[in-house]
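Chemist: Assemble the whole structure, with the sequences as input and the hints as a guide.
These protein sequences, in sequence, are chains R and Y. Each step along the first sequence adds one to the number in our numbering, with nothing skipped, and position 162 is 162. Each step along the second sequence adds one to the number in our numbering, with nothing skipped, and position 152 is 353.
Honestly, the hints are just simulated from the structure, not real lab data. Just so you know, not all the hints are guaranteed correct.
[What the hints assert, rightly or not] No more than 25 Å apart at the CA atoms, straight line, and that leaves these computed lysine-lysine pairs for BS3-like:
1. K57/R with K366/Y
2. K469/Y with K158/R
3. K117/R with K400/Y
4. K147/R with K158/R
5. K211/Y with K23/R
[What the hints assert, rightly or not] FRET-style restraints, in silico, Cβ to Cβ:
6. F215/Y with G97/R: 49 to 59 Å
7. T150/R with L457/Y: 40 to 50 Å
8. F215/Y with T170/R: 19 to 29 Å
9. A337/Y with V84/R: 18 to 28 Å
10. F145/R with S348/Y: 37 to 47 Å
11. L12/R with I304/Y: 20 to 30 Å
[Stated by the list, open to error] Computed footprint of chain R on chain Y, listed as stretches where at least three residues anywhere in the stretch have a Cβ under 8 Å from a Cβ of chain R:
12. 226-234
13. 325-339
14. 394-400
15. 403-412
16. 426-438
17. 447-456
Predicted model, so just to flag it, every value in this text is computed and none were measured. For every residue, glycine included, the Cβ atom is placed at its ideal position computed from N, Cα and C.
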Amino acid sequence: MASVIGGLIGTLFIISVMSMLWKDNIFFRFGQAAIMGASIAHYTFMNFQSVHTNAIKPILAGNVLFIIPLILGLLTYSRLSSDVSWLAKYPTNVLIGVGTGVMIAGSLRGQIIDQVKQTILDAFTGLNGILIFIGVVTAFSFFIFTKEHTGALGTSVKIGRVFLMISLGTNFSGEIVWYLTQMIGRLMYILNEFIWPLLGA
Amino acid sequence: MATARERLAKATRFYQIIWALCLIGMFIPLISPLGLPVVVSEPVKAYYNSIVDLPEGSVIGVSFGASAALLDEQEAQFLATWKTIFEQHHKVIFYCSTEDASIVINNELEVVVPESYGYTYGVDYVILPYSPLGEAGQAAFAQSIRSIYSTDINGDSLDEIPLIKDIDNAEGIDLLIYEYTSCTDIEWAVRQWVVPYNKPVIATTLGCCGPMAAPYYPTQIQGFLSGSGAGTELEVISGNPGPGAAMSDAKNLGILPFLAAIIWMNVKPFIGKEE
Numbered sequence: 001m002a003s004v005i006g007g008l009i010g011t012l013f014i015i016s017v018m019s020m021l022w023k024d025n026i027f028f029r030f031g032q033a034a035i036m037g038a039s040i041a042h043y044t045f046m047n048f049q050s051v052h053t054n055a056i057k058p059i060l061a062g063n064v065l066f067i068i069p070l071i072l073g074l075l076t077y078s079r080l081s082s083d084v085s086w087l088a089k090y091p092t093n094v095l096i097g098v099g100t101g102v103m104i105a106g107s108l109r110g111q112i113i114d115q116v117k118q119t120i121l122d123a124f125t126g127l128n129g130i131l132i133f134i135g136v137v138t139a140f141s142f143f144i145f146t147k148e149h150t151g152a153l154g155t156s157v158k159i160g161r162v163f164l165m166i167s168l169g170t171n172f173s174g175e176i177v178w179y180l181t182q183m184i185g186r187l188m189y190i191l192n193e194f195i196w197p198l199l200g201a
Numbered sequence: 202m203a204t205a206r207e208r209l210a211k212a213t214r215f216y217q218i219i220w221a222l223c224l225i226g227m228f229i230p231l232i233s234p235l236g237l238p239v240v241v242s243e244p245v246k247a248y249y250n251s252i253v254d255l256p257e258g259s260v261i262g263v264s265f266g267a268s269a270a271l272l273d274e275q276e277a278q279f280l281a282t283w284k285t286i287f288e289q290h291h292k293v294i295f296y297c298s299t300e301d302a303s304i305v306i307n308n309e310l311e312v313v314v315p316e317s318y319g320y321t322y323g324v325d326y327v328i329l330p331y332s333p334l335g336e337a338g339q340a341a342f343a344q345s346i347r348s349i350y351s352t353d354i355n356g357d358s359l360d361e362i363p364l365i366k367d368i369d370n371a372e373g374i375d376l377l378i379y380e381y382t383s384c385t386d387i388e389w390a391v392r393q394w395v396v397p398y399n400k401p402v403i404a405t406t407l408g409c410c411g412p413m414a415a416p417y418y419p420t421q422i423q424g425f426l427s428g429s430g431a432g433t434e435l436e437v438i439s440g441n442p443g444p445g446a447a448m449s450d451a452k453n454l455g456i457l458p459f460l461a462a463i464i465w466m467n468v469k470p471f472i473g474k475e476e
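Modeler: Pasting the structure below:
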């Protein structure tokens with residue numbers, strides 16, 4: 001019985017959120033607020049726990065250096081007051097600096113050299129490789145804005161545009177299928193957690 | 202000439218009809234499964250082979266960045282992956298990189314119970330708690346696990362856990378399964394695991410993130426699963442049926458109204474006046 005009640009509550013939330021497809025209404029707003037509230041509470045708790053484990057506990061154990069990241073983290077909240085908002089630039093700069101430093105070495109080899117090398121090598125392995133090579137070169141040419149798109153460049157740009165459209169279409173179809181999956185998942189939840197248990201199936 | 206408001210209302214009605222048809226199409230196979238055939242794609246075969254080709258007892262790191270809100274898209278992938286790993290008796294270090302991940306992994310491991318495969322917590326698998334690992338966190342983890350985690354999810358010191366007491370960096374990990382839901386995050390695995398350590402990496406992600414992972418396959422990542430469809434394929438190839446099968450049928454039928462609408466909207470301008 002308890003699982004049926006749990007399933008019923010879940011089903012009501014699903015229906016209340018999906019009622020937005022009909023029009024904005026109080027059930028949708030209630031469902032939205034409840035889900036947002038629960039999510040924010042959960043995320044706040046998990047992140048506080050992370051700060052406690054990774055900073056506060058080591059400081060209490062005598063690792064005073066951990067006070068530096070803690071202070072930098074707290075400085076982020078200085079944005080809440082316009083008088084001291086400039087202090088938030090320090091943690092932001094640290095984040096950008098560390099982020100850039102960490103990513104730059106890997107991106108040069110992983111995302112430029114290896115990708116270019118493989119695209120060229122694959123061009124000699126078959127039709128797929130040739131198509132990818134043509135697609136990469138022509139799609140890149142679409143973004144050359146320092147020269148008028150006429151002549152050979154114009155032809156390349158037109159071909160590149162087709163490849164870009166295909167790429168965007170593929171991404172869009174992935175999005176649609178993703179929405180469908182989410183919808184199917186909710187339908188499965190309603191069936192498996194509420195309707196079938198209710199019917200005793 | 203229709204006003205903008207009338208055209209918008211007409212378009213809305215059109216989409217409502219498409220979604221209604223889609224809903225009916227999705228609902229039928231959930232009540233009465235159709236058993237439509239599933240073809241296993243190359244990235245999924247490569248993903249599966251990366252796990253089963255490892256010698257028994259290899260250590261697999263699972264960077265787990267799941268989101269509870271997106272679980273429908275990935276549950277089939279997860280369940281089939283855990284079953285495949287446990288059947289091969291590999292050792293697993295799960296580490297959670299999103300707020301939801303520890304809840305999701307605990308729920309998953311109540312369905313695919315590791316102990317039923319002869320596993321013992323701490324000896325054969327371990328779960329490390331949530332830590333907000335961005336790219337810098339992944340880099341730090343690969344360099345020194347203890348720089349990120351001092352305890353497991355139960356609060357026990359890593360130095361007291363048999364599986365991980367002698368492992369502190371990428372050298373101790375034979376394969377990384379990189380699970381993510383933000384499409385560009387695959388670059389983190391490439392930049393922080395493949396380039397510096399040349400570690401074999403396979404990835405699991407959402408369907409919409411597949412096109413972003415594809416350029417890295419097979420040179421930099423050895424295989425990948427994108428979306429519930431790939432989860433279904435993994436269920437088929439690994440012989441571990443799960444929620445993906447029912448989902449696959451429903452998706453195949455549910456997508457038909459969209460296909461019809463796309464074809465109609467592309468043909469319509471050629472056969473009549475476009476509004």
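Chemist: Which hints from the list above does the structure break, by number from lowest to highest?
Modeler: Of the numbered hints given earlier, the structure breaks none, since each of them holds.
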